[in-house]
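Student: The lines below spell out each chain.
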Amino acid sequence: MKSTFAISLLAAAAAFAAPSHADKLDDIIASGTLRCAVVLDFPPMGMRDESNTPVGFDVDYCNDLAAALGVKAEIVETPFPERIPALMSGRVDVGVASTSDTLERAKTVGMSIPYFAFEMAVTANDKSGIASFQDMKGKTVGATAGTFEAIALEKQVKEWGEGTFRPYQTQADVFLALSQGQLDATVSTSTVAQSNVKTGNFPGISVVGKAPFDIDYVALFTNREEYGLINYLNLFVNQQVRTGRYAELYEKWVGGDLPSLTVDGVHR
Amino acid sequence: MFNYTFQWKQAMARLPQMLDGAIVTMQVAILSMVIGILLAIVLTMFRLSGIRILSAVAKAWVEIARNTPALFQIYMAHFGLGSFGLHLSPFLSILIGITFNNAGYLTENFRGALKAIPDTQTRAARSLGMGAAGAFRHVVLPQMLRISFLPMTNQMVWAILMTSLGVTVGMNTDLYGVTQDLNALTFRTFELFALAAVIFYVITKIVTLGARLIAARLFRY
Amino acid sequence: MFDTALTAADFIFLAKGAGMTIVVTIISVIAGTVLGIVFGVIRYQLGAIWAAPLIFVLDIFRSIPLLIQLVLANAFMGTILRLNMSGFTVACIVLSMYTAAYCAEIVRGGIEAVPATTRRAARSLGMTWGQDMREIVLPLATRVALPSWIGLALGVMKDSALVYVVQVTELLRSTQILITRLQEPLLLLMICGAFYFVISFPLARFGGYLEKRWSND
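Protein chains in written order, with the UniProt record's numbering: chain A, 1 to 268; chain B, 1 to 221; chain C, 1 to 217.
Bear in mind the hints are in silico, worked out from the structure with no lab data behind them. Check before you lean on any hint, since a few could be wrong.
Derived pair list, reagent style DSS-like, types lysine-lysine, alpha-carbon separation capped at 30 Å [to be verified]:
(1) B:LYS115 x A:LYS158
(2) B:LYS9 x A:LYS155
(3) A:LYS127 x A:LYS155
(4) A:LYS139 x A:LYS127
(5) A:LYS155 x A:LYS139
(6) A:LYS137 x A:LYS155
(7) A:LYS72 x C:LYS16
(8) A:LYS72 x A:LYS127
(9) A:LYS24 x A:LYS107
(10) B:LYS9 x A:LYS107
(11) B:LYS59 x B:LYS115
(12) A:LYS107 x A:LYS155
(13) B:LYS59 x C:LYS212
(14) A:LYS72 x A:LYS137
(15) A:LYS252 x A:LYS72
(16) A:LYS107 x A:LYS127
(17) C:LYS212 x B:LYS115
(18) A:LYS137 x A:LYS198
Going by beta-carbon spacing under 7 Å, a handful of chain B positions derived as facing chain C [to be verified]:
(19) ALA60
(20) TRP61
(21) THR68
(22) LEU161
(23) THR189
(24) PHE190
(25) PHE200
(26) THR204
Per label pair, the in silico range of CB-to-CB distance [what the hints assert, rightly or not]:
(27) B:ILE23 x C:LEU186: 39 to 49 Å
(28) B:LEU54 x C:PRO139: 38 to 48 Å
(29) B:ALA13 x C:LEU186: 42 to 52 Å
(30) C:GLY19 x B:SER55: 49 to 59 Å
(31) B:PRO118 x C:ILE26: 39 to 49 Å
(32) C:ALA194 x B:GLY131: 36 to 46 Å
(33) B:GLY210 x C:ILE26: 31 to 41 Å
(34) B:PHE84 x C:LEU182: 14 to 24 Å
(35) A:GLY244 x C:ALA194: 30 to 40 Å
Don't be surprised by glycine CBs; every beta carbon is placed ideally from N, CA and C.
Turn these sequences into a full structure, and let the hints steer you where they fit.
Tutor: Structural data, given as structure tokens:
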């Protein structure tokens, strides 16, 4: 019984595996749909409006990309820890999910040039008395599992040697925990922090300062070996900035000083 | 045919960290079982007490534990109680969630076991001058625990498997949490989780075989 | 009574999640039961030694957290076999096998509960194996197995809360999405819990009733 199951699986694999080896860029254009992984509890990058439809910077960015390719966009919601698995399992074509371009991850997926840059901010529960990054020492802090800031913060807590670090599955759970007082403080991207505090959904929390982590450059990602698509994504990011669309979207969703996407003194 | 390169070495290099996680998993499972059994005994006494409020508490506990998802119970222990300003660490949340679930199921098992113990025994004990509590403790309880030994083993296995739900409340020290953290760093999903699966399998096998050995020693007449 | 920002649209959103929970459960329970009966009968006919490979495989599904089964199946089908499978399909396949693994044990227990003497009597009356299975074992074993089977089906419904890891938006996940937007965890969690309870409780009661009724005669 088990072996027939396995054989039919293998047969199915053989039948379907071959065509998917064609260039992914061609596949997307041929299929007429671009499936983007987007994190939807990460305002203002990705969130849901009153009718529970996805909106946000990343959602618009995916729509722009689809329009450039001349196809329809399909937003696939993925929690942070599930972004890469969703790509690897072929459920999405491209990740437009505020993904930090770490070297460790680039061993598994292919990253475009940065399309957005975050600064990290500390948000604290007012009762905790935390007023700066250093005050977090010895307290209970948390962040969203699998993100750049979670990895950096967990390392920092270990360095401090006191306090506890708790990763939650979603950004929303982090702010919920913070607002309930389960966490004393969190480090998140400043856009997310301001956006969440502004909603008024979370009473008793405020942004208290910057976290001294590196600027978090985030990239679009797709399968490592899809050079054709990665080239296209790079040019697309470049065009978004060149045409002023990047500034327009930034103004629409975030507002304020437009972060630079280039690093001085080095070529990408 | 497989267009995928396995990187087992990367996963194996993390084995010590995962085994540390397995120890935390076992701590949660064992604690939740010990407390769960004690609570289930208390709830069983509530049911038998004939006091309406107490038996209603026992009944509500059993039905909620058995008729809602374990994930819901754990989420509730963390964020639900959090709404009341009661803040539990992830470890406590998962422990309370699983213990609640264990106690509910075990109480139901005990109910089944009690049916197998004839009433006449209690009556005989009472007529020998034992109090109601004494009769329960010395006559009924030992038999009840013995009859429920197999269901208790099953519940223990479930408790081990349930610890994997701790990630939803910020737990990152148990086996599943450690594996997920490593996955976020390296994105080697299949290799890491396959290794975690093997560890879980070995643990549950050790527990069930161990329980069988204990049962063989304990329950021979 | 509650001061809430919950709108009718949100209720429809929750109802969709509940619908997904029910659909996944029904598909998995039906497929899992059919497989479970086949596995259970094979397991019984072959005996513990010849059925060892089957026992081993089914045991794996009972010894590994469902969450890990889902993650692994998802990674295996997608990353390694590169099948273009939806999360829904993966969820149904894994839950079906999970159901089958438990169902096989229930079926075997049911068959074993039929007294050997009854079956020998049937065979000595000239009944074939098939007739014996259909006319004698099936009705008697069903009585033993049905209450446990109801418990299993309800267990699968509750465990289907875990399919969120393969991006299936079922009831608990929809609840979390609404909590993200509305920040009313307690109320939303209560609604979610009540839904599971309302489906599960009467059926569990019915199972208990059958068990009681059938064990008396």
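Student: Holds or violated: LYS59 of chain B and LYS115 of chain B, Cα atoms, limit 30 Å.
Tutor: Given pair LYS59 of chain B, LYS115 of chain B holds - Cα atoms ~17 Å apart, limit 30 Å.
Student: The hint says 30 to 40 Å between GLY244 of chain A and ALA194 of chain C; measuring C-beta to C-beta, is that right?
Tutor: The hint (30 to 40 Å, Cβ to Cβ) is violated, given that GLY244 of chain A and ALA194 of chain C are roughly 51 Å apart.
Student: Next item in the hint list is PHE190 of chain B. Is there a CB on chain C closer than 7 Å to its CB?
Tutor: holds (4 Å)
Student: Tell me if the straight-line CA distance from LYS155 of chain A to LYS139 of chain A falls inside 30 Å.
Tutor: With a Cα-Cα distance of about 14 Å, the restraint between LYS155 of chain A and LYS139 of chain A holds, given a limit of 30 Å.
Student: Between the alpha carbons of LYS72 of chain A and LYS127 of chain A, is the straight-line distance 30 Å or under?
Tutor: violated (47 Å)
Student: CA of LYS59 of chain B to CA of LYS212 of chain C, is that 30 Å or under?
Tutor: holds (18 Å)
Student: Given the hinted pair LYS137 of chain A and LYS198 of chain A, is their alpha-carbon gap at most 30 Å?
Tutor: holds (26 Å)
Student: Taking 38 to 48 Å as the stated bounds, is the beta-carbon spacing between LEU54 of chain B and PRO139 of chain C within them?
Tutor: holds (41 Å)
Student: For the hint on THR68 of chain B, does the least C-beta distance to chain C fall short of 7 Å?
Tutor: holds (5 Å)
Student: Can the hint on PHE200 of chain B be confirmed by a CB-to-CB distance to chain C that is less than 7 Å?
Tutor: holds (5 Å)
Student: Is the hinted pair LYS9 of chain B and LYS107 of chain A satisfied, with a Cα-Cα distance of at most 30 Å?
Tutor: holds (14 Å)
Student: Between LYS107 of chain A and LYS155 of chain A, does the CA-CA distance stay at or below 30 Å?
Tutor: holds (21 Å)
Going through the hint list in order, the structure does not satisfy hints 1, 8, 14, 16, 19, 20, 27, 30, 35.
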